[in-house]
Amino acid sequence: MAVTTRLTWNEEKSLQKLLGNVSLRLLHKSSVHGHTSFSLLDRCQLQGSTITILYFYDKIIGVFIPGHYPAPSIEFREPIPSFCFSFQRNKATEMAIAVLEAEVKIASGQLTFCSFDQEMFCIDSSKTKLSIHPSLSSELGVHISSDLTYLENEVFRVEGIKDDTTYMRKVTRASKQRNRLLAELRAFKPKVDLISEICILLLGPVGSGKSSFINSVKSVFQGRLTRQAIVGSDDTSITEQYRIYSVKDGKDGKYLPFMLCDSMGLHEEEGVGLCVDDIPHILKGCVPDRYEFCPHKSIMPDHPMFIASPSLKDKIHCVAYVLDINSISSITSKEVAKFKEVQKEVLNCGTALVVLLTKIDKCSEILQDNFLNMNNSITSQNQIIKVSKMLDIPIYNIFMVENYASELELDPLKDTLILFVLRQMLRIVDDILEDLPLETGRKAGRK
Numbered sequence: 092m093a094v095t096t097r098l099t100w101n102e103e104k105s106l107q108k109l110l111g112n113v114s115l116r117l118l119h120k121s122s123v124h125g126h127t128s129f130s131l132l133d134r135c136q137l138q139g140s141t142i143t144i145l146y147f148y149d150k151i152i153g154v155f156i157p158g159h160y161p162a163p164s165i166e167f168r169e170p171i172p173s174f175c176f177s178f179q180r181n182k183a184t185e186m187a188i189a190v191l192e193a194e195v196k197i198a199s200g201q202l203t204f205c206s207f208d209q210e211m212f213c214i215d216s217s218k219t220k221l222s223i224h225p226s227l228s229s230e231l232g233v234h235i236s237s238d239l240t241y242l243e244n245e246v247f248r249v250e251g252i253k254d255d256t257t258y259m260r261k262v263t264r265a266s267k268q269r270n271r272l273l274a275e276l277r278a279f280k281p282k283v284d285l286i287s288e289i290c291i292l293l294l295g296p297v298g299s300g301k302s303s304f305i306n307s308v309k310s311v312f313q314g315r316l317t318r319q320a321i322v323g324s325d326d327t328s329i330t331e332q333y334r335i336y337s338v339k340d341g342k343d344g345k346y347l348p349f350m351l352c353d354s355m356g357l358h359e360e361e362g363v364g365l366c367v368d369d370i371p372h373i374l375k376g377c378v379p380d381r382y383e384f385c386p387h388k389s390i391m392p393d394h395p396m397f398i399a400s401p402s403l404k405d406k407i408h409c410v411a412y413v414l415d416i417n418s419i420s421s422i423t424s425k426e427v428a429k430f431k432e433v434q435k436e437v438l439n440c441g442t443a444l445v446v447l448l449t450k451i452d453k454c455s456e457i458l459q460d461n462f463l464n465m466n467n468s469i470t471s472q473n474q475i476i477k478v479s480k481m482l483d484i485p486i487y488n489i490f491m492v493e494n495y496a497s498e499l500e501l502d503p504l505k506d507t508l509i510l511f512v513l514r515q516m517l518r519i520v521d522d523i524l525e526d527l528p529l530e531t532g533r534k535a536g537r538k
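One gets this note's numbering by counting positions in the sequence shown from 1 and adding 91 to each.
FYI, nobody ran anything at the bench for these hints, they're computed from the structure. Treat the hints with care, since some could be wrong.
[Stated by the list, open to error] Distance ranges between label pairs, derived from CB positions: (1) Asp526 to Gly251: 44 to 54 Å; (2) Ser402 to Pro225: 46 to 56 Å; (3) Asp208 to Ser229: 27 to 37 Å; (4) Asn101 to Glu525: 47 to 57 Å; (5) Ala496 to Met391: 33 to 43 Å; (6) Glu359 to Ile486: 37 to 47 Å; (7) Gly251 to Met391: 49 to 59 Å; (8) Asp483 to Pro225: 24 to 34 Å; (9) Ser287 to Asp208: 27 to 37 Å; (10) Glu359 to Gly251: 42 to 52 Å.
[Said to hold, decoys possible] Here are the simulated DSS-like pairs of lysine-lysine, each with C-alpha atoms no more than 27 Å apart in a straight line: (11) Lys435 to Lys477; (12) Lys480 to Lys404; (13) Lys339 to Lys280; (14) Lys404 to Lys450; (15) Lys104 to Lys150; (16) Lys267 to Lys104; (17) Lys345 to Lys267; (18) Lys267 to Lys218; (19) Lys375 to Lys431; (20) Lys406 to Lys339; (21) Lys450 to Lys480; (22) Lys406 to Lys435; (23) Lys120 to Lys218; (24) Lys282 to Lys450; (25) Lys104 to Lys120; (26) Lys388 to Lys435; (27) Lys425 to Lys404; (28) Lys404 to Lys345; (29) Lys150 to Lys120; (30) Lys406 to Lys345; (31) Lys220 to Lys280; (32) Lys435 to Lys375; (33) Lys150 to Lys435.
No experiment lies behind these values; they were computed from the predicted model shown. Yeah, the Cβ is synthetic: ideal placement off N, Cα and C, and Gly gets one too.
Start from the sequences, fold in the hints, and give me the full structure.
Here's what the structure looks like:
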């Protein structure tokens, strides 16, 4: 009879995503193979990287060990970039992560992780007990004051994982930072009370990644890939309507206080793509969701869908130029002129303006280890400087992002970069809204 895991399909998929879309092969199940350290080592040694999972009535706690399972020894192995995780049963998308740069050993039937001479995490197989240091249990959201008795212990071999320890360290830290950014964005509220939702308009050439960015943001909050905004090819625009997309938090189904607005692609030729005369109306909030664009003619005040008296909460609060980082050198003088024409309207409306550079090759090389800044690599920095000079936009308002395109699963590194960029845009908008004249705010609040 085949030995099967207690993990649900969703729980297993979440763990696979966490490690870069790997496969998990069950090696040891304590209820079948025994609760002794001998039976565990017999099945798990020399099997490569592993995940050890402990099951409780209401939660799961686990630890990832890169490289081979440690051999019995009174000495600790050198520190390794492992991590612990926890989640409530059937809520694996709300996983808590704690990076654990710790020494590890197996002795007297116990698997022990120590950091700076402090025992952080210890599994006693023979007694089916888990002990966790208070600081680590707090980080994992499993506040306990004594040892926990677990129901089952399973160990999986992680197949298809990258051997690069630097990559693994970055993935584990990215997962932690991703959760922090998610929590911050879920708690976000515009500083100006009269605005309930920040509206971000995406503008750029056909195929630059506007619709893909919308799908990427929505995917991160849903915990799975979604394709609500239709994506075209690099040469053909699919978006012909003005679309306003709300972002729903998959955690509890609430709508978050920001919306992403999609439009036709900009083109250097007149009568092709988005009509530039439509842009002032979009910025002021006069264009409704699902308005059908006409490249030759802008919306007029007598149009039945025209919003004649929009309030501050209806207008666009941030414009994001979306550009393919690989096509910066191909941008023509006509395209630059059109961008600057749009830019004048944006500035006249007092709207925030940023640039998103999409289609970067490897987001793992863009993010620094602390995930607070972009990497100053020569290639990316040159492109940022080039765009800054070309469009007269400050370097600190230019961001790099890697959208989801043909992937089937989420990636913690991509998620982190997408969330970072979204947070920065919202902060820039907050700074501008805070500087609004007081009387303007009062009038908008009365509407």
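Structure-based check of each hint:
Evaluation of the 44 to 54 Å hint for Asp526 and Gly251 yields a pass: the beta carbon distance comes to about 50 Å. A hinted range of 46 to 56 Å for the beta carbons of Ser402 and Pro225 is consistent with their spacing of about 50 Å. Evaluation of the 27 to 37 Å hint for Asp208 and Ser229 yields a failure: the beta carbon distance comes to about 20 Å. Asn101 and Glu525 have their C-beta atoms about 41 Å apart, which leaves the hinted 47 to 57 Å range violated.
Here the CB-CB span from Ala496 to Met391 is close to 37 Å, well matched to the stated 33 to 43 Å. Checked against the hint of 37 to 47 Å, the pair Glu359 and Ile486 fails, with Cβ atoms roughly 25 Å apart. For the hinted restraint 49 to 59 Å between Gly251 and Met391, the CB-CB distance of approximately 57 Å keeps it satisfied. Here the CB-CB span from Asp483 to Pro225 is close to 53 Å, at odds with the stated 24 to 34 Å.
Checked against the hint of 27 to 37 Å, the pair Ser287 and Asp208 fails, with Cβ atoms roughly 51 Å apart. Remark: the range hint 42 to 52 Å for Glu359 to Gly251 is upheld by a beta-carbon distance near 45 Å. At roughly 20 Å between alpha-carbon atoms, Lys435 and Lys477 fall within 27 Å of each other, so this suggested pair holds. The suggested pairing of Lys480 with Lys404 is violated, with an alpha-carbon distance near 32 Å, which exceeds 27 Å.
Among the hinted pairs, Lys339 with Lys280 is consistent with the structure: their alpha-carbon atoms are about 15 Å apart, no more than 27 Å. Annotation: proposed proximity of Lys404 to Lys450 is violated, straight-line Cα distance about 32 Å (limit 27 Å). Between Lys104 and Lys150 the alpha-carbon distance is near 17 Å, which keeps this suggested pair within the 27 Å criterion. At roughly 18 Å between alpha-carbon atoms, Lys267 and Lys104 fall within 27 Å of each other, so this suggested pair holds.
The suggested pairing of Lys345 with Lys267 holds, with an alpha-carbon distance near 23 Å, which does not exceed 27 Å. Of the supplied pair hints, the one linking Lys267 and Lys218 is violated, its CA atoms being roughly 31 Å apart against a limit of 27 Å. As the CA atoms of Lys375 and Lys431 are separated by approximately 18 Å, the hinted pair is consistent with the 27 Å bound. Restraint check for Lys406 and Lys339: satisfied, since their Cα atoms lie roughly 21 Å apart, inside the 27 Å limit.
At most 27 Å may separate the alpha-carbon atoms for a hinted pair to count; Lys450 and Lys480 meet this at roughly 21 Å. Between Lys406 and Lys435 the alpha-carbon distance is near 16 Å, which keeps this suggested pair within the 27 Å criterion. Between Lys120 and Lys218 the CA atoms are separated by roughly 15 Å; this keeps the pair inside 27 Å, and the hint holds. Among the hinted pairs, Lys282 with Lys450 is inconsistent with the structure: their alpha-carbon atoms are about 32 Å apart, more than 27 Å.
With a CA separation close to 19 Å, the supplied pair Lys104 and Lys120 stays within the 27 Å bound. Restraint check for Lys388 and Lys435: satisfied, since their Cα atoms lie roughly 20 Å apart, inside the 27 Å limit. As the CA atoms of Lys425 and Lys404 are separated by approximately 33 Å, the hinted pair breaks the 27 Å bound. Between Lys404 and Lys345, the direct Cα distance comes to roughly 19 Å. Compliance with the 27 Å bound is thereby established for this hinted pair.
Of the pairs offered as hints, the one joining Lys150 and Lys120 holds, with about 17 Å between alpha carbons and a cut-off of 27 Å not exceeded. Proximity of Lys406 to Lys345 is assessed by CA-CA distance (about 22 Å); at most 27 Å being required, the pair is judged to hold. Simply put, Lys220 and Lys280 have alpha-carbon atoms about 43 Å apart, too far for the 27 Å limit, and the pair is violated. Our distance criterion of 27 Å between C-alpha atoms is met by Lys435 and Lys375, whose separation comes to about 14 Å.
With a C-alpha separation of about 55 Å, the suggested pairing of Lys150 with Lys435 is violated against the 27 Å cut-off.
Hints 3, 4, 6, 8, 9, 12, 14, 18, 24, 27, 31, 33 from the list above are not met by this structure, while the remaining hints are.
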